[in-house]
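Number of protein chains: 2
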Amino acid sequence: MSAADLVAVLMSSYLHYDFGAPGDPRNDHLILSKGHASPLLYAAFKAAGAISDAEMLTFRKAGSKIEGHPTPVLPWVDVATGSLGQGLPIAVGVALAGKLLDRLPYRVWCLCGDSEMAEGSIWEAFEAAAFHSLSNLTAIVDVNRLGQTGETMHAWDLDLFAARASAFGWHPIEIDGHDVEAIDRAYAEAISIEDRPTVILARTEKGHGVAEVANKNGFHGKPLADPDAAIAELGGLRSLTVAVATPTGSNEPHRFPAGGELRLPTYEVGSKEATRKAYGDALIALGAVHGAIVALDGEVGNSTYSEEFASAFPERFIQCYIAEQQMVANAVGLQARGWRPFAATFAAFLSRAYDFVRMAAVSRADIVLVGSHAGVSIGEDGPSQMALEDIAALRAVFGSTVLYPSDPNQTAELLAQLVDRKGVVFMRTTREKLPVIYPPGERFEIGGSRVVRRTDADQVTLVGAGITLHEAIAAASMLAEEGIAARVIDCYSVKPIDAEALRAAARETSGIVTVEDHWSEGGLGDAVLEALAADADRPSVVKLAVRHMPGSATPAEQLALAGIDAAHIATAARDLVQESRG
Amino acid sequence: MSAADLVAVLMSSYLHYDFGAPGDPRNDHLILSKGHASPLLYAAFKAAGAISDAEMLTFRKAGSKIEGHPTPVLPWVDVATGSLGQGLPIAVGVALAGKLLDRLPYRVWCLCGDSEMAEGSIWEAFEAAAFHSLSNLTAIVDVNRLGQTGETMHAWDLDLFAARASAFGWHPIEIDGHDVEAIDRAYAEAISIEDRPTVILARTEKGHGVAEVANKNGFHGKPLADPDAAIAELGGLRSLTVAVATPTGSNEPHRFPAGGELRLPTYEVGSKEATRKAYGDALIALGAVHGAIVALDGEVGNSTYSEEFASAFPERFIQCYIAEQQMVANAVGLQARGWRPFAATFAAFLSRAYDFVRMAAVSRADIVLVGSHAGVSIGEDGPSQMALEDIAALRAVFGSTVLYPSDPNQTAELLAQLVDRKGVVFMRTTREKLPVIYPPGERFEIGGSRVVRRTDADQVTLVGAGITLHEAIAAASMLAEEGIAARVIDCYSVKPIDAEALRAAARETSGIVTVEDHWSEGGLGDAVLEALAADADRPSVVKLAVRHMPGSATPAEQLALAGIDAAHIATAARDLVQESRG
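Sequence order for the protein chains is A and B. For what it's worth, my numbering labels the leading residue of the first sequence as 522, then goes sequentially. For what it's worth, my numbering labels the leading residue of the second sequence as 522, then goes sequentially.
No wet-lab data here; the hints were simulated from the structure. Treat the numbers as computed from the prediction; the structure is a model and nothing was measured. Ideal placement from N, C-alpha and C gives every residue a C-beta, glycine not left out. Treat the hints with care, since some could be wrong.
Stated by the list, open to error - Sample of chain B residues at the chain A side, in silico, Cβ under 10 Å:
hint	residue
1	SER585
2	VAL821
3	GLY900
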C-alpha cells in the first residue's frame, strides 16, 4: 500500500513491457527488491491483464504460482526476491546486460524497501551501478519509515539517503510517494539522466489509505481486522486495467562474434599444471566458440586465471572488484537476459555470497561459480584463504552441480560441458600444480567417475578428488609394495556422484577410504556415504578429512598435518584391510 | 609498506596497550582489516618487544603463530582477518562493547585497505558505527590505489571516500599517509571528535620506500627481487623499539546486575509451543542470571522472540537491523571482550553472513547463532524465507555445535548449556508450535539424543529432530497399528551427534529412516550416516529430506509435498521392514 502509487504511475506511463511476450528482449525489467510486497506486484500484473481474478485468489496457496514472495515460476518475474538487499544488486546485473552486452535501450526499474538499505549488498550495488554509469537503471525506494518490528534507523530522512546516493555517484530525487504528479515528474527526470543511475527516494506511509493501519507500527505482514471497511475506505471494489506500453525498436540484442570448432587447451600427460590455470585456458577456448559466455571475477583474476578471458574478450569480462555478493548478483542478472556467466574468486570468498547463491537456486538461475585456492593445500596463507566448507555449502544448494576436477585436461573437458548446464554449478579448482594423468580429449561425464587404478583382486578402495586423488594414487603405490591391492576412484563429480562405481567398489573390496581437502562435514566423504546409504551390505567407510584448524605451512606439510596425504591414506587403508581379515 | 608510517605513528604516540597483559580490559584494540598486511602487524609487535627476532623469522612456517594472516593464536590479535571487509565490522562490535557494555574509554583502531571498501560489509559497519555514535572507533584507510590485480575503482580519490563517510555519519580526515606530522595531527583530531567515529583517509604508495616496486602494479604478494638493496634503500638494517603507552585508569569494566537461581520457563506436557518462543523465554531467564549475555537481532525480533530479551534487558540488546553480516561481526567483536552474544534472525538469512561465521571459527570466537523459521514447515511465505541448507552450512564450520531442539522445554534446557559452550554454536528453531513431549527439568546433553519410543523388539528406527520428530512419532503410531514396532530417536544434537544411540539402533533394528526439514545434503541424514560410516554391518539408511523446490502452501501441506510427513515416513519404514524380511 505504501508503494502502490509508485507502481501505478510506473505501469501506466513509464514501463515498456509486453506481458504477452515476456521473452521479448526489448522489455523493461521490473524487479521487486522488497519481495514481501508481492501482493502489489501481483496486483500490477492483474491490472496489466496478465493474471486473472481467479489466479489472484490462489495467493499463497499450494500449487499457485502466486507465491508468498515472487519467483520466476511467473514468466514476468526475472528473479526470486524475498531475501532483502538482493533485488537491487541483481537489477544492476540486468542493467549491465542491457548496456554492455545486449546493447538494447530497455530500462531496469527496481523497487526497494527502506529497511533493506541497511544491507551492505545494497551499497555494493550502488557502487557497481555508478562505476558502470548505468543510466538505464532506476531504483525506487519506498521510504515508509517502518520495518518489521519498528522504525528504521533513518525514518523519513530522505536527505540522508540522497547524500549517500550522491556520494556513491547516483542521481537522487526526493518526492512524496503519494503525489502522483511528483512521481510522474520523478520518472521523467530519471529517464532524462544520461550519465548515471537514478534513485527516487519516496516518502510514503505504510498502509497508506487505510486509517486503521496507516503509518502505524505493528501491522507488518498481518491481515487487516476489517478488510471490507478498508476496501470501502480505499474507494470500493474496482477492477482497474492498465494499458502498459509495449516496447518498440529493434528486438535484436547485440551478439559477439563467435563460432567455429572448439579447441580446448591440452596438457601433456606427465607434466604438471594447476586446474585453476586450466580453467582460465579452457574458458578462452569456450569463449571463442560461444558468444554468450561472460566471465566475472572478484579482483583476483591473476589467481583464478580469469585474467586470460579478460585479455582475450575484454567486452565480455566484468571486473567485480572485492564485492562477491555483487559478483554473484551480476551473474544472476546476466543469465536472466540469456547470457552465460562464469564467475570466479577464491572458493573461500564465495561463502561471502552464500545467500545470493541460495536465492539463485530459487530464481532457477543458470550460473557457473568457480572457486580457486581450495583447501589446506594452498599452503602458507593460512585458514582465512582456505575453502574448507565450500563443497558442503554448494552441495546443499537446490539443483546444484559440484565438480572438483583432478587434472587439467579433465578440467577443460568438464568446463566445456558446463556451457549449457542448468542450475547453479560450482567448480572447485586447485592452487597447486597437479600431475597430468589423463590424455587430452578423454571424455568425462558429469555424474561420472574414473577408476584410475584397479586389479582383479582389489582389497580396498581409495576415493579422492582434486589434489587428494594424487595422494590416493601415491598411497596405492605404497600399498602395492606391501602386497595390498587398492582401487583408486577419481570422484571429480561430487554432485551428482557416481553411485554405480561406488557400489561396485563397495561390493568388490573390503573397505573404502575417502580423502578430501575439506572439513569432514558435508564434503566428498559424506557424498560417498549418501550414495551408499540405502545399501545394507556396504563395507566400512573411513573418511579422511581436515579435522583441526590449520595454520601456515607448505602445501605438502599441510596435507600431512591434516592427515590427508599419501602416508595417512595408506595407513587407513592398511588398517581397513587388516580389520576385514581379522 | 604503504601503511608503515600510519602504524608507526599510532604505536609510538596513540595506542595504549600493555603487551605484557593482553587481557587488560583497558587496552586499546588494533584490528588489521587488511589482514594480508600481516608482516606490518608482526613488525609492530616486534617493535613493541612482544615478538623476538627468532619468532619473526618463523613467518608463514609450519607451527608458527606468525601466520600468513593474523589469527588469535597470537595473544595481541583479537580476531582473525584475511577475508576482506570483516575487520572493520568486527571493530564496530568491539567498540560497541567499549561504549555500551564495558563502558571503558579504550579506543578501537582499525586499519583497512582501499580495495576492501568495495565490500558491502564495510558500509554496514559505517552505518552501525554512526548509528551508535562510536567516537571510540577510528578507521584508517590505507589508500594505496592498487589492488591485487590493478587499480581500484577510485584510485586516490580521497574526496570521494570522504563524501561517502560524511554521508554515512562519520568524521573524515584526508591526509598524506607518508607525512608523519599529518598522521600525528589526524590521530589527535580523531581522538578529539566526541560524537561520531572518525575515518582517516590516507593517500599512500604501495611498496613505499623501495623504488623497484613503489606505486607499481604487479607486485602484490610477491617477494622483492633484491631484498638487500631494498633494505639499504630503506635506511639499512635497524632494530627499532617503540615504547607503547600502557593504559591507565580503572580496569573494572561495567557489570550488569545479575545472579540468583536459574528459573527456566516451563511448558506443560501436552500443550503446544514453538521452540522459537522457548528461545525467547529462556534467554530472559538466562539473562537474569548471567550478566555477560547480550542479545542481538536482525530486525525480526518479533519472529525470533529476541524482543522478549530486548524488553527485559534493553541495555544488553543490540538491534542490528537488516544487516546480518554486521550482526555476526558485532557478536564476534563482543565476545572478543568477554561478552556472551546470542544473535538471532531467520535461519535462512544467517546464510548472508556465512563468510563471517566461517571466519568466526578461525577467530576461535565463542558465539551463539539462533536461526528461526527453518524448513518448508514455515508454510506460505515460500522458499526465500525457508532455511533448507543451514544445517549443512553450520555443520561445516570448524568446531561448531549444531542443535535442533524438538520441544520447548528441551530448547530451554539446551540453551542454558550454551552459556559457556565454546566455538560457534547454531541453534535451529521452528516457526510452528510443536507438542510439548518432555517434562520441564528433564536434562538433555549436547551430543546426546533421546529415544522417545521403543519396544523390546523394534524392527525399524525413525530418526528425526525439530518438527520432523513429531512426524516420526506419528508415523510410529501408524506403524504400530500395522504391527510394526518402530524405535523413534530425537537427534536434537546434530553436531556432535549421539553415535552410540545410533549404533545401538543399527544393531538392534533392521533399518533406519532419517527425516529432516532440510535439503538432502549435509543435514541430519548425512550426520547419521557419518556416525555409522565406519561400521561395516549397519543396516540400510533411508534419508527422507526436501528434494524439490517448494512454493507456498500450509505447513502441513508443505511437509506432505516434501515427503517428510508421518505418512511418508511410515511408507519408507514399512518398505524397509519388508525388504529386510524379503
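Outcome of the hint check:
Among the interface hints, the one on SER585(B) holds; its C-beta lies about 6 Å from the nearest C-beta in chain A, closer than the 10 Å criterion. Hint status for VAL821(B) relative to chain A: holds, with the closest Cβ pair at about 6 Å, below 10 Å. This hint holds: GLY900(B) has a C-beta 8 Å from the nearest C-beta of chain A, less than the 10 Å allowed.
Taken one by one, the earlier hints all hold for this structure without exception.
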